[in-house]
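First to last, the sequence lines map onto chains L and B. The first sequence begins at 1 in this note's numbering and counts up one residue at a time. The second sequence begins at 1 in this note's numbering and counts up one residue at a time.
If you are wondering where the hints come from, they were derived from the structure by calculation, not from laboratory data. Source: prediction; values computed, not measured. Yeah, the Cβ is synthetic: ideal placement off N, Cα and C, and Gly gets one too. Don't take each hint at face value.
[To be verified] Once the Cα atoms are required to be at most 25 Å apart in a straight line, the calculated SDA-like pairs of lysine to any residue come out as:
| # | chain 1 | residue 1 | chain 2 | residue 2 |
| --- | --- | --- | --- | --- |
| 1 | B | Lys450 | L | Phe137 |
| 2 | B | Lys146 | B | Leu259 |
| 3 | B | Lys461 | L | Pro114 |
| 4 | B | Lys450 | L | Ser96 |
| 5 | B | Lys375 | B | His411 |
| 6 | L | Lys80 | B | Glu435 |
| 7 | B | Lys461 | L | Ile57 |
| 8 | L | Lys151 | B | Glu435 |
| 9 | B | Lys461 | L | Asn106 |
| 10 | B | Lys450 | L | Pro134 |
| 11 | L | Lys80 | L | Phe120 |
| 12 | L | Lys212 | L | Gly175 |
| 13 | B | Lys461 | L | Ser136 |
| 14 | B | Lys417 | L | Gly14 |
| 15 | B | Lys461 | L | Ser91 |
| 16 | B | Lys417 | L | Asp144 |
| 17 | L | Lys17 | B | Glu421 |
| 18 | B | Lys85 | B | Gly32 |
| 19 | B | Lys461 | L | Lys212 |
| 20 | L | Lys56 | L | Leu72 |
| 21 | B | Lys260 | B | Ala315 |
| 22 | B | Lys417 | L | Glu67 |
| 23 | L | Lys151 | B | Ser432 |
| 24 | L | Lys56 | B | Asn434 |
| 25 | B | Lys450 | L | Asp144 |
[What the hints assert, rightly or not] Label pairs and their computed distance ranges (CB to CB):
| # | chain 1 | residue 1 | chain 2 | residue 2 | range |
| --- | --- | --- | --- | --- | --- |
| 26 | B | Lys375 | L | Asp179 | 46 to 56 Å |
| 27 | B | Lys76 | L | Gly21 | 51 to 61 Å |
| 28 | L | Glu15 | B | Glu420 | 14 to 24 Å |
| 29 | B | Glu420 | L | Gly39 | 44 to 54 Å |
| 30 | L | Ala130 | B | Lys198 | 20 to 30 Å |
| 31 | L | Glu15 | B | Lys85 | 51 to 61 Å |
| 32 | L | Arg7 | B | Lys76 | 53 to 63 Å |
| 33 | B | Lys85 | L | Val13 | 50 to 60 Å |
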Amino acid sequence: MRGLEIRDLVVSVGESKVVDGLSISVPAGEVHAIMGPNGTGKTSLSKAVAGHPDYKIVSGDVLLNGESIVGLAPDEIARKGFFLAFQYPVSIPGVSIANFIRACVNARRLGEDPVNPVEFYKRLYEKMDALKMPRSFTARSVNDGFSGGEKKRCDILQMLMLEPSFAILDETDSGLDIDALRIVSEGVNAARGENIGMLLITHYHRLLEYIKPDAVHVMSGGRIVRSGGAELALELEEKGYDWLKEK
Amino acid sequence: MENVSGKSMEALNLDRSVGDFSFAEDYAYDAGVGLNPDVVRYISKVKGEDEWVLDFRLNALKVFNSMELPTHWASKRLEDLDFSKIRYYLAKGAKKKRSWDEVPEDVKRTFEKLGVPEQERAFLAGVEAQFDSESAYSNMKEYLEKDGVIFVDSTEGLKRYPEIFRKYFGRVIPTGDNKFSALNSAVFSGGSFIYVPKGVHVKQPLQAYFRINAESFGQFERTLIIADEGAELMYMEGCTAPRFETGTLHSAVVELVALKGAKIQYVTVQNWSDNVFNLVTKRGVAEEGAQIRWVDCNIGSGITMKYPAVILKGAGAKGEVISIALANNNQHQDTGAKMMHLADGTTSNILSKSVSIGSGRASYRGLVYMPDTAKNCKNNTECDALLINSNSRTDTYPAIVCSGDNNSVQHEASVSKLSEEQIFYMRQRGLSENEAVSLSVNGFVNDLVKEFPMEYSVELKRLIELQMEGAVG
Chain L
1 MRGLEIRDLV VSVGESKVVD GLSISVPAGE VHAIMGPNGT GKTSLSKAVA
51 GHPDYKIVSG DVLLNGESIV GLAPDEIARK GFFLAFQYPV SIPGVSIANF
101 IRACVNARRL GEDPVNPVEF YKRLYEKMDA LKMPRSFTAR SVNDGFSGGE
151 KKRCDILQML MLEPSFAILD ETDSGLDIDA LRIVSEGVNA ARGENIGMLL
201 ITHYHRLLEY IKPDAVHVMS GGRIVRSGGA ELALELEEKG YDWLKEK
Chain B
1 MENVSGKSME ALNLDRSVGD FSFAEDYAYD AGVGLNPDVV RYISKVKGED
51 EWVLDFRLNA LKVFNSMELP THWASKRLED LDFSKIRYYL AKGAKKKRSW
101 DEVPEDVKRT FEKLGVPEQE RAFLAGVEAQ FDSESAYSNM KEYLEKDGVI
151 FVDSTEGLKR YPEIFRKYFG RVIPTGDNKF SALNSAVFSG GSFIYVPKGV
201 HVKQPLQAYF RINAESFGQF ERTLIIADEG AELMYMEGCT APRFETGTLH
251 SAVVELVALK GAKIQYVTVQ NWSDNVFNLV TKRGVAEEGA QIRWVDCNIG
301 SGITMKYPAV ILKGAGAKGE VISIALANNN QHQDTGAKMM HLADGTTSNI
351 LSKSVSIGSG RASYRGLVYM PDTAKNCKNN TECDALLINS NSRTDTYPAI
401 VCSGDNNSVQ HEASVSKLSE EQIFYMRQRG LSENEAVSLS VNGFVNDLVK
451 EFPMEYSVEL KRLIELQMEG AVG
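Just chain B, with the same shape it has in the complex (with noise of 0.2 Å):
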């Protein structure tokens, strides 16, 4: 696919430590601590939303109760999460704004420090900036909605556009396909709901920012994006919370439908705080000739677990996933790619890079399924770890599912450690040595990095040498 993005723009701001603060908020909606019916009835009512939306996240309460928590996936530290203590919907009450002068003082501080209106006024065709559990502003160019292009938060895309909400809604991604999914149904709020007519290519991207800026607190939004035939676009989201003493979860579910021929891109920078469980369903179906590709980086977050899917429906769909994962002291990223390849002539690529630092781990978990009732489909992927200090960790857990006429998979995996004679060298010419263990973490991940919007590539780069500081010595 075609990488949409605007030229040399002011780059997004992504440091971590940009995003580490707080203000004191005072919210108009609470729903207080812990889950329960009543919980979910107090955010729907808030809401306004009908009867049926209440009716599915009532069902999909009962659901999320009776399934168990999946630990057989990561790690043990899951079950630190404690449900009844979190805090599942906080919103000021304020309507949205679409001019950013009328966004409130103490939300645009926020944003502002995370350079969200700037960027806006740089490159991107339409942005929704979410603050806690609802969109605090939310603007696109006028060009994209006279050709019909939709752009607006889940809340009202539930209310304005119900035919269309409805008939994708919950389809790619059942509200029982994970405990998280099921959380997710009972409790979203926020989130895009994206509508691309047919034929339209929307050339700059669409983005959206997350801020969760309470403490134990949960985000859930909830992304719909529906490209119809022959639709482009590309969606990009960046991620931040400050550091609270308590851990606070964001539990996302994405669903994309690329019709007939049409091309979703949409592009990932993670980087929530080190005590954020960031436990995401991410998934899209491609029908004939249709092309989904995800381009997800995770640098922040303590335990992420997120495997974009996509599932190959209608002949000659193309599947693709790039990954980058940073896992820093304390952090585990479980990430990876699944592509179900459902029809003939289908074909998938993924490929991955993770870097471990300090105690870090990193795991690439995958699947790769061709049934016997599709042929001439193809796949390729390619893992690679780089391990930088003596205590890191990474793991590779592919399941591969291959029959059929004329299928083919390919596997390859790497992994290396960093090289001392390589951090010789760079050093020998003047580098400090977290100068020369950045360039060459940097130089791993680089032909990676080149495929996310320059915008977000630059920043990439400065992300990591942030993450590599103090890593050795």
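The following block holds chain L by itself, in its conformation from the complex (with noise of 0.2 Å):
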């Protein structure tokens, strides 16, 4: 299956168990979404999924694209097409947007030339433009210094330039006002296609007036306690967690 599917995926981070026997399928060309409560291992299981070396698989699969990518370093997995819009993005000093996502680029056309600089330029200034990044921000260092709205749509101006097959979208919403919200949610909406297959990891059900899925899960105990349409987001929102935990 060309999309992501993770089986029976047990993690843990040193001695707990932070995702506890979770499965999910979300095929190319579809947006689900994943909600849950603080603390039930949504961004746990993001970075397991990415290969962080302090999340550790300990047993279950992880597809993408139909091969298994457990054991893999963090980079194979980018490689492989795989994208992860972090929670915090991280800053990288002295170190410029421009340059950053020009080696990114670069690094997944192993054996080949590098890509044009003129070409490169155009498509990073074409999704600058629709993030509504002023084209100054090229020469800033990697989102040092930048607010929490920055950091975000610097992750999705990533995210459009480096063209995964799949990705997972870990709170994108958090830290956005309105407008960064809508500007985020457009770029996100411009990179959905058949070739595409994404996971919101969200809190809130905000995001998703936005972004409409494909599918809604929820996600509570290191595990999907329930799925269902976008109707299930409505839902939550009305009622809130705590009639599922009850179950």
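Combine both chains into one complex, guided by the hints.
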């Protein structure tokens, strides 16, 4: 299957189990959302899929476009087409956005010539215009001294430039004011298509007003406890999460 | 000070592995192994020096023998230096060439591998290339000669311009300043002598290239640069040596004199092989309204001890040190800066960044001196250290003396560890661990790398990438 398939995944950090038998399947071309209360393992799930060394996959499997990525290095997983938009994007002082993205684009062109700088900047400016990022941003250090909203936009810019086949967006809506949320959502919607699958991790229904999901899953206690259509998000908005825990 | 470098030019090739070759050389003049008055006499005779120079050398040898090693500065490793096993003078005996075609084939091969002639064609105003003890090649653009600019090696400078040379020689750094300045004063050979007349602005950089090609050899170049009133120049030096089984010693003395309103910028990229002891004394005197700026990058050598200094002698003089150090496995970069504020309204700025990799150690050692005889002086010091591995080491030893009216000193220091979350973030975007670490380190030093002329900064970035290879994982 093209897309992301997670089977009975168990993840531990140190001594504690943070994901406990989670299964989910998101085909290419679809956008799914995972919702759930804080501390339920949503971010741990995204870090484990991305190959973070602190998040140990104890059992289960993660298939990207039908191929297991368990045990691969984070950069190998990335080069296979996986992208993670971080809940807290990290700053890289002294490295400009343009140079960073160019290095990342070139890292995917193994054995090929580096990307043509003129074409690269043309594409970069197009995407930045779409995200309403001033062009002067290309010279700024990645996320260094950025506001919360600027960081999230910078992450989405990277996603648009790297054209992954699957992306997890971890709490991309947090820290965004309403205008920034709309701009970021437009960027994400523009990236939607047959060739990309997406999983949105969010705490609130708000984001899903802008990015309509094909399916909504509720995560609790390290696993998916309920799945449904977009209407499930509305139900959660009204009732909160507690009624699910009681089941 | 304005950056006076050229525009987009071929970069100087400073790749460590590129410098890592040597050819068997047959030397016409060889002072043999070990140091005694006869060795000093031999050097002086071969060079055809005047009596006063020989006396200067012999006196320096006495001073050298009477002084202790400065072990309290850096490391016990200095004790590994065996002065009786070093060769102090080696030369081919051929006259220095002014046309590249005339340079002997074997020496030419060495410098061509290092990219010296291409670079000169590209953007330099003049170049001196030193091979072991003596200059092998020297050339300067004609228009500079017309302006009265002198750019020769120190041997020629002593012979042809004794009246200027003698006036300043050994005045900024006296023989007995430290054991290694005394050693240099006894056996110095090569190095550059530059004089820029009043009001002349040398727009393109002048460059020297130093190369050690023989095992157990000591290179002791002596550089003296004088910028007359209102004159401006930029001088750049690059250094390499192949790796030999036994260590080599590089012990230079560099004296700068910036007369009233003059500006001197001195740029160094040091990439000696990691068994070279690099023990260098660098100091400049800035007269009224003059500016001296040291831009210093240390990547190579086993141990470097170097603290470029500016004596701010005239009112309103400015001194600056921009320093980058990379200490990899088994390397100790002990670098820093000294600013002596001896006149009113003098200002100084010290920016230092170091990266310690593996078992490497980087130390910052600084002195800012403002006595109560000077007022309205300002200093700003920032030193930042980055540690890559858990066994990497850094230390900071700032010494500050601040008295007098309205004098102010500001010192900021930081130490950070390579951030694992930052590396993970970059790897998630597809960069390998090495690429990520290298980019992170380049980012850390980036604001200072920008202070180097473009031709050097491009190469510096590449050198840093090479240094980071295999640093993690």
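Going down the list of hints, with the structure as the test:
1. B:Lys450 <-> L:Phe137: 19 Å, holds
2. B:Lys146 <-> B:Leu259: 21 Å, holds
3. B:Lys461 <-> L:Pro114: Distance ~17 Å between Lys461 (chain B) and Pro114 (chain L) Cα, so the pair holds.
4. B:Lys450 <-> L:Ser96: 13 Å, holds
5. B:Lys375 <-> B:His411: 19 Å, holds
6. L:Lys80 <-> B:Glu435: At roughly 17 Å apart (the allowed maximum being 25 Å), Glu435 (chain B) and Lys80 (chain L) satisfy the hint.
7. B:Lys461 <-> L:Ile57: 37 Å, violated
8. L:Lys151 <-> B:Glu435: 22 Å, holds
9. B:Lys461 <-> L:Asn106: Since the Cα atoms of Lys461 (chain B) and Asn106 (chain L) sit roughly 17 Å apart, the hinted pair holds (cutoff 25 Å).
10. B:Lys450 <-> L:Pro134: 24 Å, holds
11. L:Lys80 <-> L:Phe120: 21 Å, holds
12. L:Lys212 <-> L:Gly175: At roughly 20 Å apart (the allowed maximum being 25 Å), Gly175 (chain L) and Lys212 (chain L) satisfy the hint.
13. B:Lys461 <-> L:Ser136: 23 Å, holds
14. B:Lys417 <-> L:Gly14: The hint holds at about 22 Å.
15. B:Lys461 <-> L:Ser91: 20 Å, holds
16. B:Lys417 <-> L:Asp144: 17 Å, holds
17. L:Lys17 <-> B:Glu421: Answer holds: Lys17 (chain L) to Glu421 (chain B) is near 21 Å, not above 25 Å.
18. B:Lys85 <-> B:Gly32: Holds. Lys85 (chain B) to Gly32 (chain B) sits at ~9 Å (cutoff 25 Å).
19. B:Lys461 <-> L:Lys212: 45 Å, violated
20. L:Lys56 <-> L:Leu72: Holds, at about 12 Å.
21. B:Lys260 <-> B:Ala315: The given pair, whose Cα atoms are some 10 Å apart, holds under the 25 Å limit.
22. B:Lys417 <-> L:Glu67: 36 Å, violated
23. L:Lys151 <-> B:Ser432: Roughly 23 Å between the alpha carbons, so the hint for Lys151 (chain L) and Ser432 (chain B) holds.
24. L:Lys56 <-> B:Asn434: 22 Å, holds
25. B:Lys450 <-> L:Asp144: 18 Å, holds
26. B:Lys375 <-> L:Asp179: 46 to 56 Å: 54 Å, holds
27. B:Lys76 <-> L:Gly21: 51 to 61 Å: Once the Cβ atoms are compared, 59 Å apart, the range 51 to 61 Å for Gly21 (chain L) and Lys76 (chain B) holds.
28. L:Glu15 <-> B:Glu420: 14 to 24 Å: 20 Å, holds
29. B:Glu420 <-> L:Gly39: 44 to 54 Å: 22 Å, violated
30. L:Ala130 <-> B:Lys198: 20 to 30 Å: 59 Å, violated
31. L:Glu15 <-> B:Lys85: 51 to 61 Å: 58 Å, holds
32. L:Arg7 <-> B:Lys76: 53 to 63 Å: Given a distance of about 59 Å, which is inside 53 to 63 Å, the answer is holds.
33. B:Lys85 <-> L:Val13: 50 to 60 Å: For Lys85 (chain B) and Val13 (chain L) the Cβ distance comes to about 57 Å; the hint holds.
When held up to the earlier numbered hints, the structure conflicts with 7, 19, 22, 29 and 30 and fits the remainder.
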